[in-house]
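Enquirer: Sequence:
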Amino acid sequence: MTPYKKIWYFSRWLLLLPIFYTFFGTASGNCDQLYFMKSSTHPNFAVDGSDPMVVKIQTAKDDSIQKWQFVGANHVGLFHIFNNDTGTVLEEDLNNCVLELYPYCRVRLSPLESNKHVQKWFLNSNGTITNAYSLQNLDIYGRDYEPGTEVITYRENLGANQLFKLEETS
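In mature numbering (1 follows the signal peptide of the UniProt record, and there is no 0), the protein residues as written are -29 to -1, 1 to 141.
The reader is advised that the hints may include incorrect statements.
[To be verified] Each pair of labels, with its calculated beta carbon distance range:
#, residue 1, residue 2, range
1, Leu65, Glu139, 29 to 35 Å
2, Glu138, Thr57, 16 to 22 Å
3, Asp115, Pro74, 15 to 21 Å
4, Tyr116, Val69, 17 to 23 Å
5, His88, Asp56, 34 to 40 Å
6, Glu139, Thr57, 19 to 25 Å
7, Thr12, Tyr73, 17 to 23 Å
8, Val47, Glu138, 31 to 37 Å
9, Asn97, Thr57, 16 to 22 Å
In short, the hints are calculated from the structure, not lab data. In this text, all values refer to a predicted model and were calculated from it rather than measured experimentally. The beta-carbon is built from N, C-alpha and C at its ideal position, and this holds for glycine as well.
Working from the sequences, and respecting the hints, build out all of it.
Expert: Structure follows, in structure tokens:
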């Protein structure tokens, strides 16, 4: 391996240190902090879990149905995303996918099953949240920033509709 490759491999891990510290810094390896998952470009919209079958964006408000907890999922860098109000986790719904020209899957809330890969997510430094099974990103459907718009998984395009920021709640 060339010295440049060694530097590249090492530097990738350095970029992840703040994430590891945030989520694995406690003795339990879990993050007790609750977060809003807000659209990076439209911060007045947050991911909302009030409909367990179809996760949507809604106007951000201090409501427990919009608060999420990130818990380590037995693999470094993977998380279960728990809804604070329902106690269920974010899951890519493989039974509710559209496989036409632009394939996407709906996102829903389900009870935790620790071995289901569709319930595990990567939090990426670029602001995307990627499903561990399909490697597709959380996406605001059709870039329609209206309350009630579905949250889906879609191939990575780094558009504004795939960029989320985590905002700590009290």
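Enquirer: Give a verdict on every hint.
Expert: Tested hints:
1. For the pair Leu65 and Glu139, the supplied restraint of 29 to 35 Å holds, since their beta-carbon distance comes to about 32 Å.
2. Roughly 20 Å separates the CB atoms of Glu138 and Thr57, a value that falls within the hinted 16 to 22 Å.
3. One distance hint, 15 to 21 Å for the beta-carbon pair Asp115 and Pro74, holds here, with the actual separation near 18 Å.
4. The supplied range of 17 to 23 Å is met by Tyr116 and Val69, whose beta-carbon atoms lie about 21 Å from each other.
5. In this structure, His88 and Asp56 break the distance hint of 34 to 40 Å, their C-beta atoms being roughly 25 Å apart.
6. Judged by the Cβ atoms, the range 19 to 25 Å given for Glu139 and Thr57 holds: they are separated by roughly 20 Å.
7. The given range of 17 to 23 Å is respected by Thr12 and Tyr73, whose C-beta atoms sit roughly 21 Å from each other.
8. A hinted range of 31 to 37 Å for the beta carbons of Val47 and Glu138 is inconsistent with their spacing of about 24 Å.
9. For Asn97 and Thr57, the hinted distance range of 16 to 22 Å is not satisfied, since their beta carbons lie about 28 Å from each other.
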